[in-house]
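Respectively, the protein sequence lines represent chains Y and W. Counting along the first sequence from 1, when you hit position 40 you're at 40 in our numbering, and nothing is skipped either side. Counting along the second sequence from 1, when you hit position 19 you're at 19 in our numbering, and nothing is skipped either side.
Just so you know, the hints here were simulated from the structure itself, not pulled from any lab data. Every residue, glycine too, gets a C-beta built ideally from N, C-alpha and C. Wrong hints could be hidden among the right ones.
As the list claims (entries may be wrong) - Footprint (simulated), chain W over chain Y, 3 or more residues, beta carbon under 8 Å: (1) 8-19; (2) 51-62; (3) 68-82.
As the list claims (entries may be wrong) - Short, incomplete list of chain W residues facing chain Y, as computed with Cβ under 10 Å: (4) Met-27; (5) Gly-42; (6) Ala-92; (7) Phe-103.
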Amino acid sequence: QKEVEQNSGPLSVPEGAIASLNCTYSDRGSQSFFWYRQYSGKSPELIMSIYSNGDKEDGRFTAQLNKASQYVSLLIRDSQPSDSATYLCAGGGNKLVFGAGTILRVKS
Amino acid sequence: EAQVTQNPRYLITVTGKKLTVTCSQNMNHEYMSWYRQDPGLGLRQIYYSMNVEVTDKGDVPEGYKVSRKEKRNFPLILESPSPNQTSLYFCASRTGWADTQYFGPGTRLTVL
């Protein structure tokens, strides 16, 4: 079964620090990767998408993909209390597989 | 406004009583999916559809049915709900496999 693994956390970082979230996937055929943020009781919302090896930056967020190592990461710079949420990693193609999520807590 | 809608948002029912959760999107998306979310297990895909009349099983399809008769609608049917189907359900849609997936607001289902 195709799997996406994440550390459940919680990951606690002080305000202004860099938060590093990691994800590994088992299906080498996966072509697209996504990071979603989910606040408690709400639906997931897209943070970043990445399709090719390397880094992709969008504001305070940087996604990194390493297909050889089957590894995806998300860096959040200048972390804010409002970034406190569960971050879901997803990968796949026609079928998208989600990890269980990492809880991030940003302490002010 | 581009959106995915689900109804009902909350439902409490009893074992064995058939129910349908509706999902509709107004973005002309090809792909639609149903997920359930349980504590510690993340989002697990129940069924997905790549177009009208094209559906396929996800990771946890047992006890669920879907249909895709129109592009905008993708209802989830529980023929005989059981307590282990108590969960938070999300419908989602996207244009293609590489595109952003938009989620509905969720349906919290309790089966007694």
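Hints not upheld, ascending by number:
The structure breaks hints 1, 2, 3 and 4; every other hint is satisfied.
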